[in-house]
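Take the given structure of chain A and dock chain B to it, following the hints.
Here the protein sequences come in this chain order: A and B. Numbering of the first sequence is given in this note's numbering, commencing with residue 4 and proceeding in unit increments. Numbering of the second sequence is given in this note's numbering, commencing with residue 41 and proceeding in unit increments.
In case anyone wonders, no lab produced these hints; they're calculated from the structure. These figures come from a predicted structure and were not determined experimentally. All C-beta atoms in this analysis are idealised placements derived from N, C-alpha and C, irrespective of residue type, glycine included. Check each hint, because a few of them may be wrong.
[Unchecked claim] With a cut-off of at most 16 Å between alpha-carbon atoms, the simulated EDC-like pairs for lysine to aspartate or glutamate come out as follows:
| # | chain 1 | residue 1 | chain 2 | residue 2 |
| --- | --- | --- | --- | --- |
| 1 | B | Lys121 | B | Asp92 |
| 2 | A | Lys45 | B | Asp79 |
| 3 | A | Lys45 | B | Glu45 |
[Stated by the list, open to error] Label-pair distances were calculated between CB atoms; the ranges are:
| # | chain 1 | residue 1 | chain 2 | residue 2 | range |
| --- | --- | --- | --- | --- | --- |
| 4 | A | Lys81 | B | Arg133 | 20 to 28 Å |
| 5 | B | Gln116 | A | Arg83 | 42 to 50 Å |
| 6 | B | Arg106 | A | Met18 | 24 to 32 Å |
| 7 | B | Ile57 | A | Gln20 | 31 to 39 Å |
| 8 | B | Glu45 | A | Glu59 | 18 to 26 Å |
| 9 | A | Pro5 | B | Pro132 | 41 to 49 Å |
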Amino acid sequence: EPEVTQTPSHQVTQMGQEVILRCVPISNHLYFYWYRQILGQKVEFLVSFYNNEISEKSEIFDDQFSVERPDGSNFTLKIRSTKLEDSAMYFCASSSGTGESPLHFGNGTRLTVT
Amino acid sequence: GQSLEQPSEVTAVEGAIVQINCTYQTSGFYGLSWYQQHDGGAPTFLSYNALDGLEETGRFSSFLSRSDSYGYLLLQELQMKDSASYFCAVRPRGYQLIWGAGTKLIIKP
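So here's chain A without its partners, still in its complex pose:
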């Protein structure tokens, strides 16, 4: 069964550094998302991406964040200058449509900012 893959599984970085989290969505999916989950808390929407542009973003997704689909298969999330409060599990997801189309999540990247 096709799956969403994310790398790395764990990233440790120092405050103020840039990080890039990578994702390979399911190949025939058209909609891509980044969510994050602070340990033990709920899942929070960051951004959705469709047709090579951001379709929606949350208040969390400020100027420090950016997304890119550089080559038709990878989907990346960049955090320009990490803060301690960016420490969380970051999940990439993809779907074939909206509405009742389920999100397929990757196993996540645990980002630790020290």
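For chain B alone, kept in the frame of chain A given last:
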């Protein structure tokens, strides 16, 4: 604001039936989804309700009442592997899902 309320923890016995409730207050509503998440794992999709009524998928069923802004997930014939956190999520508009805080299901033998 937008919010979803669900119990933080539910305990049940293996083989039993358990219901996890979810009430929501959102600016719009396109549907209610349920996801399962095992510790350290990715959320996995369980069910989706856009219309009132019951949706059944094997041992799992999900119910929606839009007039009450309420839904529930029903798990039957509980197995130890069902021990996980269960999240309800609403798509109020556009593309994003708003998630509840999750219900940790503890199953005892």
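Now the hints, each set against the structure:
1. The hinted pair formed by Lys121/B and Asp92/B fails the criterion: a straight-line CA distance of about 29 Å is larger than 16 Å.
2. For the suggested pair Lys45/A and Asp79/B, the alpha carbons sit about 13 Å apart, so the restraint of at most 16 Å is met.
3. For the suggested pair Lys45/A and Glu45/B, the alpha carbons sit about 11 Å apart, so the restraint of at most 16 Å is met.
4. As the Cβ distance of Lys81/A to Arg133/B is approximately 27 Å, the hint placing it in 20 to 28 Å holds.
5. Checked against the hint of 42 to 50 Å, the pair Gln116/B and Arg83/A passes, with Cβ atoms roughly 48 Å apart.
6. Distance hint check for Arg106/B and Met18/A: the Cβ-Cβ separation is about 45 Å, which falls outside the suggested range of 24 to 32 Å.
7. The hinted window of 31 to 39 Å between Ile57/B and Gln20/A is violated, with their beta carbons roughly 49 Å apart.
8. Distance hint check: the CB atoms of Glu45/B and Glu59/A are about 24 Å apart, consistent with the given range 18 to 26 Å.
9. Evaluation of the 41 to 49 Å hint for Pro5/A and Pro132/B yields a failure: the beta carbon distance comes to about 29 Å.
In this structure, the hints that do not hold are numbers 1, 6, 7, 9, in rising order.
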